[in-house]
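> Each chain is listed here by its residues.
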Amino acid sequence: MSQLLTREEICVPENEVYHRTCLLTDAALTYCPGCGHGTAHRLIMEVIEEMGLQADTIGVAPVGCSVLAYDFMDIDMQQAAHGRAPAVATGIKRLYPDKFVFTYQGDGDLAAIGTGETLHACNRGENITIFFVNNGIYGMTGGQMAPTTLPGMKTATSPFGRDTESMGYPLKITELIAMLPGTYYVTRQSVHTPQNVRKAKKAIEKAIQYQKLNRGLNFVEIVSNCNSGWKMTPLESNKWMEENMFPYYPLGDIKVPKQN
Amino acid sequence: MAKVKGEIVVNTERCKGCELCVPVCKEKTIAMSGLLNSKGYHYATSANEDCNGCTNCAIVCPDGAITVYRVKLEAA
Amino acid sequence: MKDIRLMKGNEAFAEGIIRAGCDGYFGYPITPQSEVLEYLSTTNPKERTGMVVLQAESEIASIHMVYGGAAAGKRVVTSSSSPGISLMQEGISFMAGTELPCLLLNVVRGGPGLGTIQPSQSDYFQAVKGGGHGDYKMIVLAPASVQEMYDFAKLGFDLAFKHRIQVMILSDGAIGQMMEKVELDDQMPRLTDAEIVKRYPWATTGKTPDRKRNIITSLDLNPVKQEIINQNLQKKFKHIEETEVRFEKIQCDDAEYLFVAYGSSARICQKAVLLGRAQGIKVGLLRPITLFPFPTEELARLAEQVHGMQVIEMSAGQMVEDVRLAVNGRVPVAHYGRLGGIIPAPDEVLHVLEQNFITSKTEKKYEPAAY
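For the protein sequence lines, the chains are A, C and S, in the order given. If you count by this note's numbering, then the first sequence holds residues 1 to 260, one letter each, in order. If you count by this note's numbering, then the second sequence holds residues 1 to 76, one letter each, in order. If you count by this note's numbering, then the third sequence holds residues 1 to 371, one letter each, in order.
Hints listed in this document are in silico derivations from the structure and should not be mistaken for laboratory results. Please read all numbers here as calculations on a predicted model, not as lab measurements. Accuracy of the hints is not assured; some may be wrong.
FRET-style restraints, in silico, Cβ to Cβ [unchecked claim]: (1) A:M167 <-> S:V197: 23 to 33 Å; (2) A:A156 <-> C:K72: 28 to 38 Å; (3) S:R48 <-> C:K39: 27 to 37 Å; (4) A:P181 <-> C:G40: 33 to 43 Å; (5) A:E8 <-> S:K235: 31 to 41 Å; (6) S:Q231 <-> A:L5: 36 to 46 Å; (7) S:E38 <-> A:D26: 44 to 54 Å; (8) C:K39 <-> A:Q195: 24 to 34 Å; (9) S:V224 <-> A:L5: 48 to 58 Å; (10) C:K39 <-> S:T31: 51 to 61 Å; (11) A:L213 <-> C:E74: 45 to 55 Å; (12) C:K39 <-> A:E8: 38 to 48 Å; (13) C:G40 <-> S:V224: 19 to 29 Å; (14) A:K258 <-> S:S58: 24 to 34 Å.
Yeah, the Cβ is synthetic: ideal placement off N, Cα and C, and Gly gets one too.
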C-alpha cells in the first residue's frame, strides 16, 4: 500500500523534514571522517540560522583543527592566534555590544596556551559565548598530548600513556570556569548520538539567547572524538569516548542561571 | 494511526563513509554502498524501504550529507 | 582660544587618542607608561565619547583585544613598554598578516630582560626591522616632545587607516614621564557603526545579505596565494617608503658635521648643536620622525655635504646601521650611545663629535662621567 508513492514523489520540498543549513558553506569540511567538529559546526550554524542572527554574528576561529572554521561558517569571522580567541572576542564584543560574538576553540587552544585568556574572559564576565570542543588531544598537529588527555592515554607525545606523575592531570577547565561569578551558563554536551545532538542543540540555543541578557559568559563544552588522533574508527572512538572520556568529563549542565 | 513514509537523500560526494549514521537508524535502513565517491569513500545509502523519516541519521552526520523527507500516508 | 595644558607625555598621548576619535584602548600596567591607562581610567572617556577602556590580564591579551577591534574596523590602541611590547610581537605579526590598522605606543625602557625603568632606545631594531615573525614593517613614529606624544595619536590613526597598517609610536621613559606644555585640538567625533561599514567594507561587522562574509585571517596554506599576499604587503611598504618619510632638520643648510638622533637623543643633540655653533663648529642635526620609513634619501644627500655623521642613541647602536646603509660609505658614520638608562649630556655628545671628526690632537678619549 505504501508502494503507491515512489521515491521521487516523496522527495519533494514540501516533504522535506531535514536539510543541511544554508549557513554552512559549500566547502567540503576538512575534518576527518566522523569527527565531531563537523556536527558541532552544523548545530551552531543551524541555531544562528533559526534565530536569524547571521547579520549580527561575529565568530572567532582558533588555531587547531577548526582553524578553517571560517571556510565553513557563512558569517563574518576572525582567525585568532593560538589561545587568544577569548581576548579577540572581548575586543569585538566591547566595541560591538549589540552583536552576537562567539569563539570556537579546541582543548589545546582553550585549556593550554589560552588558559589565561579563557579564565580572565570568564572572570570579567564577558558577554560572549565560548564553544569548546574537547577531544583530549591536539588533532591538527598530529595527535599530541593535550591538557585534557586522560591518564594512561597514548598520544604522539605520551607514547607510553599519559603519566600523571610527570605530565600532570587532565584539566577540568569547564568546572574551573563554572566557579567564576562571571560565567552565567556552563554546560558540557556531546554530539555523537541523536539524543545528545538534540540536547546539545538546545544547550547551544540557550548559550546564544542568554548572550543578549548581558549577564556574563556562556560556555558550551562539546566532548568529541578524534579518530585519527586516537587511531580508531569513528564508531570505535565514540564508544571509547563514552567509556573513558565521559566518566572524567561528565555530560550535563554544570551551571544554570537561577531564573532569568 | 496515519502511517508515515520517509526517504533519505545522501550527498554521495559529501559523505566520508564514517558510518556514524548506520547504527542510529532504528529501521536498519542505512548501509554503506559498495560504490565509491570521487574521494574513494564508500558512501551511505538506503538499503531497504523502511525509512520513517525520523532524521536520526541526518543529525549525527558530521558532514550534513543527508537530507530527509517524510510524508503522511492517508489511512488505507 | 587653544586648550593648553601642562601634561606628562603618557597623559598627552592618552588625551590625544580620545580626541582623535579612538574607539577602544586595551592595556596593561608597566612602568614607565602606566599613566596612559591610569589617565584613561580617571578621565573616563566613556562619558565623553563612548570610548571603551579595558585593563587586560596581560600584554598578550591586550594586543589580541586590539586585533579583534581592529578587524571589526574600530580605532583601537594599546600601549606598553619594552618587555610588554616583546610579549605583543606575535599579535603584531598577525595584524601585519591581516593588514589591520591600529595604534601602538612603546615607551621604551632599558633592557634586555627586566633591564631598568629608565629611558632607552634599545627597541629600535624590534620596532623597525620587525619584532615578530615574517616579512613585515610597521610605520614607526619617534616623538621628541610631549606635544608630539599628543599629535602622533591622531597622525598615527590617520596613517594606520590610510595604509591599513600598524603604527607604532616609539617613545621612551623620559618623554613619557616628563611634563611639558601641550596644545590640544577639538574633539574629533568617533565613527558610527554605519560609517565603519561604509568606509571599511573588509571589516567583520556582521554579514549582511548584500555582501559575502568577511574573513580576517593571515593563514593561507597555498604557497602561491601566500606569496601574492606577501608581495602585496611589500608593495605597500615600498609605497609608504616613497610617500610617508618625515624628519626635521636643524641648522643643516651649512652644516659640515651632522648629528643624527631621534626622540630624547635628538633633544640632547639640539642643545649640542647650539653649543657647537657657539664654538664655531658648523654642526647640524637630522631628526628622523618616521623611523620606518627611514629618511634614507635625505641622509644620502647630506652625506654629499658633510664630512662626518655622529649618531647618538641611548643604545649600543641600532639606528646607526640604517644611517650607514643610507650614507653607503661616502662619509664616516660614528656611533655614541649610553646604556643602562643613562641619558647623555649635550656637552658630552658634542665632545664625542669633536673627538671623532674635528680634533686631530691625541687628546684623551672622552670618559663618561662615573655616576
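> Flag every earlier hint the structure violates by its number, smallest first.
1, 2, 3, 4, 5, 6 and 12
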